[in-house]
Each structure stands twice: as C-alpha cells, then as structure tokens.
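A.B. asks: Please take these sequences and the hints and turn them into a complete structure.
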Amino acid sequence: MAAWTDLLLILIALTNLAMTGLSSLGTCIRVMAIQGVMLGFVTIGVRHDAVSAHILILVVGVIVIKGLVFPRLLLRGVREANVRREVEPFIGFTMSLLIGTLGLPAAIWLGSRLPAIDPTVSPLVVPVAFHAILIGLFLIVSRKKAVTQVLGYLGLENGIYIFGIALVKEATILIDLGVLLDIFVAVFVMGIAIFHISREFDHIDTDRLSTLKE
Amino acid sequence: MDLASVIHPLLALTLAPLMLGVINRVKACVAGRSGPSVFQTYRDLRKLLAKGAVYSKTTTWVFRAAPPVTLAAILVTVLLLPLGSTAALVAFPGDLVLLAYLLGLARFFIVIGALDTGSSFEGMGASREVQFSALAEPVLLLALAALARETGSASLSEIYAGITATVWAQAGASLAMVIAALLAVFLAENARIPVDDPNTHLELTMIHEVMVLDNSGPDLAFIVYGASVKLWVLGSLLVGLMTPVRSEHVWLDTPVFLLGMFILAVLTGIIESTMARLRLLRVPQMLVGGGALAVFALVLVLR
Numbered sequence: 035m036a037a038w039t040d041l042l043l044i045l046i047a048l049t050n051l052a053m054t055g056l057s058s059l060g061t062c063i064r065v066m067a068i069q070g071v072m073l074g075f076v077t078i079g080v081r082h083d084a085v086s087a088h089i090l091i092l093v094v095g096v097i098v099i100k101g102l103v104f105p106r107l108l109l110r111g112v113r114e115a116n117v118r119r120e121v122e123p124f125i126g127f128t129m130s131l132l133i134g135t136l137g138l139p140a141a142i143w144l145g146s147r148l149p150a151i152d153p154t155v156s157p158l159v160v161p162v163a164f165h166a167i168l169i170g171l172f173l174i175v176s177r178k179k180a181v182t183q184v185l186g187y188l189g190l191e192n193g194i195y196i197f198g199i200a201l202v203k204e205a206t207i208l209i210d211l212g213v214l215l216d217i218f219v220a221v222f223v224m225g226i227a228i229f230h231i232s233r234e235f236d237h238i239d240t241d242r243l244s245t246l247k248e
Numbered sequence: 058m059d060l061a062s063v064i065h066p067l068l069a070l071t072l073a074p075l076m077l078g079v080i081n082r083v084k085a086c087v088a089g090r091s092g093p094s095v096f097q098t099y100r101d102l103r104k105l106l107a108k109g110a111v112y113s114k115t116t117t118w119v120f121r122a123a124p125p126v127t128l129a130a131i132l133v134t135v136l137l138l139p140l141g142s143t144a145a146l147v148a149f150p151g152d153l154v155l156l157a158y159l160l161g162l163a164r165f166f167i168v169i170g171a172l173d174t175g176s177s178f179e180g181m182g183a184s185r186e187v188q189f190s191a192l193a194e195p196v197l198l199l200a201l202a203a204l205a206r207e208t209g210s211a212s213l214s215e216i217y218a219g220i221t222a223t224v225w226a227q228a229g230a231s232l233a234m235v236i237a238a239l240l241a242v243f244l245a246e247n248a249r250i251p252v253d254d255p256n257t258h259l260e261l262t263m264i265h266e267v268m269v270l271d272n273s274g275p276d277l278a279f280i281v282y283g284a285s286v287k288l289w290v291l292g293s294l295l296v297g298l299m300t301p302v303r304s305e306h307v308w309l310d311t312p313v314f315l316l317g318m319f320i321l322a323v324l325t326g327i328i329e330s331t332m333a334r335l336r337l338l339r340v341p342q343m344l345v346g347g348g349a350l351a352v353f354a355l356v357l358v359l360r
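First to last, the sequence lines map onto chains A and B.
Counting from 35, one number per residue, gives the positions in the first sequence under the working numbering.
Counting from 58, one number per residue, gives the positions in the second sequence under the working numbering.
Treat the hints as calculated values from the structure; they're not laboratory data.
Do not rely on the hints blindly, as some may be mistaken.
[Said to hold, decoys possible] Over 12 Å on every C-beta distance to chain A, these chain B residues come out as not near it, computed from the model:
{"#": "1", "residue": "118"}
{"#": "2", "residue": "198"}
{"#": "3", "residue": "274"}
{"#": "4", "residue": "305"}
{"#": "5", "residue": "333"}
[Said to hold, decoys possible] Pairwise CB distance ranges, derived in the manner of DEER restraints:
{"#": "6", "chain 1": "B", "residue 1": "70", "chain 2": "A", "residue 2": "198", "range": "56 to 62 Å"}
{"#": "7", "chain 1": "A", "residue 1": "140", "chain 2": "B", "residue 2": "209", "range": "22 to 28 Å"}
{"#": "8", "chain 1": "A", "residue 1": "175", "chain 2": "B", "residue 2": "338", "range": "20 to 26 Å"}
{"#": "9", "chain 1": "A", "residue 1": "154", "chain 2": "B", "residue 2": "70", "range": "51 to 57 Å"}
{"#": "10", "chain 1": "A", "residue 1": "215", "chain 2": "B", "residue 2": "155", "range": "55 to 61 Å"}
[What the hints assert, rightly or not] So, partial list: chain B residues that the calculated Cβ filter (under 7 Å) puts toward chain A:
{"#": "11", "residue": "230"}
{"#": "12", "residue": "342"}
{"#": "13", "residue": "345"}
{"#": "14", "residue": "346"}
{"#": "15", "residue": "349"}
{"#": "16", "residue": "352"}
{"#": "17", "residue": "356"}
{"#": "18", "residue": "360"}
Here a beta-carbon is modelled for each residue, glycine too, at the ideal position from N, C-alpha and C.
C.D. replies: Here is the structure:
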C-alpha cells in the first residue's frame, strides 16, 4: 500500500516536472489530466486506513473533473481559440526544467521546516505537495498563454489538495468538495475568458493585454 | 582476484560487435528488410584491418595517435565493469569517476583527431560531440551518484552487487528514474538515433560518423571496434540495473546478463526504427531532461 502510494506521488512530481519541459499545449493538457487521475488514486493511498463513502465520492469527483472535464474544456478552448499550439514561455524550456528540478530539494527543505505530521502518512506527501505548488506558481508567471496559466493554477491547486488530504483529517471532505467546485467554476470561467480574449484580439498572449489603454 | 572476473571482459571484447549487428538486424526486420548478418561488424573489422591506412598531408601525429588511444581508453573501462555480483577485475572506491573520465579521454582524442584534419565538416562534428557529451557526462555522474548513495558504496562492483530485488522493492521509483537517465546517456554517447543517426551520410547532420571521415584501414577498424565496446560498456551499466539477479553464481548471472544485453539491443533497434532524429536544438533538452530525472532520483535517495 505505502509503496504504490509513494510511486504515485513520485509520478505526480514527474508530471509536474514534465509540465515545465513540454512545448505542445495539447500534451501539457493531457499530462495535467493524467495528474488529475493519479491525484484521485493518491487520495485512497494516503487515507487507506479510513476509506469511507465520503472519500470515494471525493475520489470519483476528482478523477471525473480533473481527469475528464477540465482537459475537454481546455482542449476545446485551445481548438476554438485557434492559436498556435505551442506554449511560448518567457523562460526557456531547458531553464524551466532546471528550475523545476531544483524545486524538489527546495520543497523537501520547506517540508522539513514544518512540524512533523502524522507518521502514518507517507513522508513524500509534503515535499510533493510543495513541489506542485512551486511549479504551479512558476508556470503561472513564466508562460505567455492564458491556457498555460490555467494549467499552472490547476497544478497549484493539486498541490494544495495533496497537502489537504494528508494534513487535515475528517472535516476536509466537505472543504475539498467545495474547493473542487470552485476550481471547476474558475476553469469554466477562464475557458470562456480565453475564448473571448482570442475573439477580440486574435491571440491569447496575456503579456500583450498589459499594453491596453482605456 | 577471482577467475570469474575475467568472464565479463572476455565477453565484452568478443561480443561487443555482435550487439551492433543485433541492433542493425532488428532495424532491418522492423523496416521489412532481411538486413545484413548479425556478424557483419566482424567482417567489416577484418576487412578494414587487412587494408592499409591513408593519411592526409595536412595531418600530424595527433591524427595517427587518436584511434589507438581512443581504443585503449575504452578497453580499460571494460576492466572496471562488474557482472552481476561478480566483482570487476579492477575495483576500488571511486572507480565510477575513472570510468566517466576514461570515456572522456577517448572522446577527447577522437575530437582532436578530427580537428587535426582541418576539415570544416569534422570541426562541426567535433563541436557537436563535445557539446552533447558536456551535457551527457553530468547526467552519467549524477545517475551513478544516486546509485552509490542508494547502495552506500563508491565502487562500481559493490554498487552493482548491491542492486538486488530487495533494493528494487524499496527504491524502485528512484532506480527507474536512474535507468531512464542512463538510457538518455546511452543513446547520446553512442550516437544512436534520437541524437545522431549512425546510417546518415549527410555530413551536415552527422555527429560521430563525420568525425571519422578521414580515418581509414586499421585506424577506422580501431574506431569502429572502440565504438562497439563503448556501446557494450554503457549498455552493461543499464542492464546491470535492469536485471537484479544476484545469485552469487556466475553461471546463472552471466546468461541473465547476456539476455539483458540482447533485450537492450532489441530495444535500441526498436527505438531507432520508431523515432525520428531530434532537431539538434532539441537534443540538449532531452539530455537536460535525463539530468532532471537523475537529480530527482538522487534527491529521493538522499532524503
């Protein structure tokens, strides 16, 4: 049980790393979908001592929304916005990969500064959560396209989610479900916003929005 | 010194050209051709050794020294390689660094030999070879460092004796990442397809092949043989990880190892048949990706 939870957590960290190095928007969205599915299974792995109906609802919700609904929404957004299917980073892919790699030691250090958590929870949970949060933030600031910023936001939220399932016990199910709903609405709104930005300006480069005048 | 330690160097020296043959045969089969015999490399070597060498007037002794020195450096690395739980002929703490730098020495001489001809194509090949291996070498060392940390020893023989099924069960994820990183190094250092195409005959895009355009006869035989032994050396680092059979029994370990090498050759052939070459600009990205995996593995075992 613990072994495959660890494996899933490492795979989640690797999908985050892949996000920093991949250049095709479609692949990025699919990697995020895979991460969403793994996130659902990690929930069972981390909470294997108390699998209840609530947790199963959460798992199904996470897998359906993050693994199926979001990728569909985003892929449709990219298709309809008719933009170039490349990520267009401010910071090059090689540099991004290096930063993503250095994020893991940073996350482990951050995790070691926290008071020790429940020893039954895998020691990888906190570093992986911090790593996801760091990479999510990095993707938001280092990519031009609105779609990649949504992906960064999703990665960030996935990190917070992992943190949540490991640290807080019973009350979180409701909170997690609420957060999932919020994220759903947010991605939905962002999908519409991307479509509108591209219809008005023929592109979805957010850096060019900053030069708008009244 | 154990008599069983002699087995691996002997196998490496005799079977290395066969591995090239297997790769080419697999590529031919996937493409639907019958392909050359798996022993073709041996025939090429015999043919080249029987010929005389031609030297350009613009070259100096450096050009003549390069092939023998390259081959010698690569042959010495064979002595450092363990087979299963059998220790290598030469084993001491830190020999993994010696392995990396013997390969570096071999590369250095091939590069200055290429530069010595004064050909612009060979200069280009040399520049690319150095650029890519500058990225591949840290990946190799980081991957070996992760293994050294995992098994708690700094000698290749002890590291590979320590990679057992138990270690795989404990730290399988790290080992898998190390294998992926080493595979990137294996393909880049041996000029296999995602990095360089061994069959290409367009000087502008070649890397390894373009550097040896001016070598002929026995010199070329040394280089071809050296390249095949290098393929075996880096391949055996990979296979040693992938086959965690450590029975203390050389007669069981050896067939398992040889089967692993055969599978690796088939795998390389399949990779070469199914993948296109990466653009030259993308190759560093692949190697940095391998490096990222190696760092991940190292961080996970250090934690």
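A.B. asks: Each hint: holds or not?
C.D. replies: Hints, verified against the model:
The claim that residue 118(B) is not at the interface with chain A holds, since no C-beta of that chain comes within 12 Å of its own (minimum 39 Å). Remark: the non-interface label on residue 198(B) is consistent with the geometry, its nearest Cβ contact in chain A lying 15 Å away (cut-off 12 Å). No Cβ of chain A approaches the Cβ of residue 274(B) within 12 Å, the least distance being about 41 Å, so the stated non-interface status holds. Every CB of chain A is more than 12 Å from the CB of residue 305(B) (nearest about 27 Å), matching its label as outside the interface.
No beta-carbon of chain A comes within 12 Å of the beta-carbon of residue 333(B); the shortest separation is about 15 Å. Between residue 70(B) and residue 198(A) the beta carbons are some 58 Å apart, a value that agrees with the proposed interval 56 to 62 Å. For the pair residue 140(A) and residue 209(B), the beta carbons lie near 26 Å from each other, so the given range of 22 to 28 Å is met. Evaluation of the 20 to 26 Å hint for residue 175(A) and residue 338(B) yields a pass: the beta carbon distance comes to about 25 Å.
Our hint of 51 to 57 Å for residue 154(A) and residue 70(B) holds, since their Cβ atoms are close to 53 Å apart. For the hinted restraint 55 to 61 Å between residue 215(A) and residue 155(B), the CB-CB distance of approximately 59 Å keeps it satisfied. Hint status for residue 230(B) relative to chain A: holds, with the closest Cβ pair at about 4 Å, below 7 Å. At a threshold of 7 Å, the smallest CB-CB gap from residue 342(B) to chain A is about 6 Å, leaving the interface hint in force.
Interface restraint check: residue 345(B) against chain A, minimum CB-CB distance 5 Å, threshold 7 Å, status holds. Given hint, residue 346(B) at the interface with chain A, holds; its Cβ is 6 Å from that chain's nearest Cβ, closer than 7 Å. Residue-level restraint check for residue 349(B) holds (minimum Cβ-Cβ distance to chain A is 4 Å; threshold 7 Å). Checking residue 352(B) against chain A: minimum C-beta separation of about 5 Å stays under 7 Å; hint holds.
For residue 356(B), the shortest C-beta to C-beta distance to chain A is roughly 5 Å, which falls under 7 Å, so the interface hint holds. Below 7 Å, beta-carbon pairs count as interface contacts, and residue 360(B) has one with chain A at about 6 Å; its hint therefore holds.
No hint from the list above goes unmet by this structure.
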